[in-house]
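Number of protein chains: 2
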Amino acid sequence: MTGKLYGLGLGPGDPDLITLKAHKILQRVPVIAWPAPDTGPSFARAIAAPHLPGGQMEIPIVVPMRTDRFPARDVYDKASVEIAAHLDVGRDVAVLCEGDPFFYGSFMYVFERLAAKYPTEVVPGVSSMMAAASAAGRPLAARNDVLTVLPGPLGNEELTKRINASDALAIIKIGRHFNRLRALIGKMNLLPHAFYVERVSLEAERLMPLAEVAEDTAPYFSMILIYKGGEDWIQTLPGSKA
Amino acid sequence: MTGKLYGLGLGPGDPDLITLKAHKILQRVPVIAWPAPDTGPSFARAIAAPHLPGGQMEIPIVVPMRTDRFPARDVYDKASVEIAAHLDVGRDVAVLCEGDPFFYGSFMYVFERLAAKYPTEVVPGVSSMMAAASAAGRPLAARNDVLTVLPGPLGNEELTKRINASDALAIIKIGRHFNRLRALIGKMNLLPHAFYVERVSLEAERLMPLAEVAEDTAPYFSMILIYKGGEDWIQTLPGSKA
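Here the protein sequences come in this chain order: R and L. Numbering-wise, the first sequence is residues 675 to 916 according to the working numbering. Numbering-wise, the second sequence is residues 675 to 916 according to the working numbering.
Same shape as in the complex, but just chain R:
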């Protein structure tokens, strides 16, 4: 009997925003694997920490953050060999995923290597996009809105075209692209509709209109929400940590 591979969505950061299902799996799996940057701790591991009984085996998947050759194929090759060794002897392995595993998640790089060979289950999680809208008191999308999710690294021409074409947008992966994105949104006269959310659901959560952000850069875990319309009813909330 081989073990089962789980892609385990853990939600946006607040340990209380994991699902009962993910909590139960964390309580019983003998092996966890988790991504970490080469420069600091693992966010996914931190979300899971309060839910771990202790004593489990752990497989860090250390992904170099400064490489342009993404994904780091050899890192995922090596991690998948390690994970498979546990599955082969009947141990279940949970790969910890911040947010939702299949919403721009790195779990797909493990999934594509192992899901054909081992029983696999992906457990969805609350994505930071949903959490950001909730914390801010702004809809992601409603009625027959078209919602577009845009990665910040896209070029200005493509971003402009797509921002013009949608009523509701979430711009993710903004990090070092922040200043360029803010300038672009300003040039499009959409600053009154744009909201900035940083480290949603964590103690360090920050929420404010995009126009009020003082900094010129943003952390990796931040996002810009644009909702055209809604001025008559959007009530900016004090945030999930207030």
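Honestly, the hints are just simulated from the structure, not real lab data.
Identical copies go unnamed one by one, so any copy, or any two together, can satisfy a pair.
Calculated pairs, EDC-like style, for lysine to aspartate or glutamate (alpha carbon to alpha carbon, straight line, at most 20 Å): (1) 902 with 819; (2) 835 with 819; (3) 902 with 832; (4) 847 with 819; (5) 861 with 832; (6) 847 with 712; (7) 915 with 690; (8) 678 with 690; (9) 915 with 766.
Place chain L on chain R using the hints.
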């Protein structure tokens, strides 16, 4: 002291896919409100049922399904007055929301009436879109993909334009539009990339390539996922109920 209003995301249907936070709130709020169609039971109430301690007061929000004048303003006006009466005397009220409250959710109709007057917190939930991708073993979006969420009632011309313009799409609210949508996707030669998910995470969950659906209609709680590419690694899973 007024009570607090919660918009409580309950996830896609499996009661184990609610968050610990939503579970705790359900355990202690004296009043719950929940949407229901005029023709059957409340899906949100059913997701919450295993988590309710019993004895709470309940406010049904019965929304006529056959009206074209959406939202049903008088229904939400009346429900908001009932909810406010509890908040005024210091009782917390949780409005139950299937999926995520601000992802095409009806909670916004309560929110726009009450959030300026009462302390309000929106608790995000796992959306059916994330759950559908997880159950199917298909990415929603990865790397620098643009993800577009399209409501099925949109017209063919707009749908065609937007489906052409995105690598990753989720088409929601398909219901009675199912046959038209399938024909459109077929005409665009995208059937090999299109997957159908019905009642995700429930016992009645059904998953299959769109091309294999025998019926000409779909239930309200169904969705079509399109992901162009990924043939080299997508592994269709047996579903979350397998």
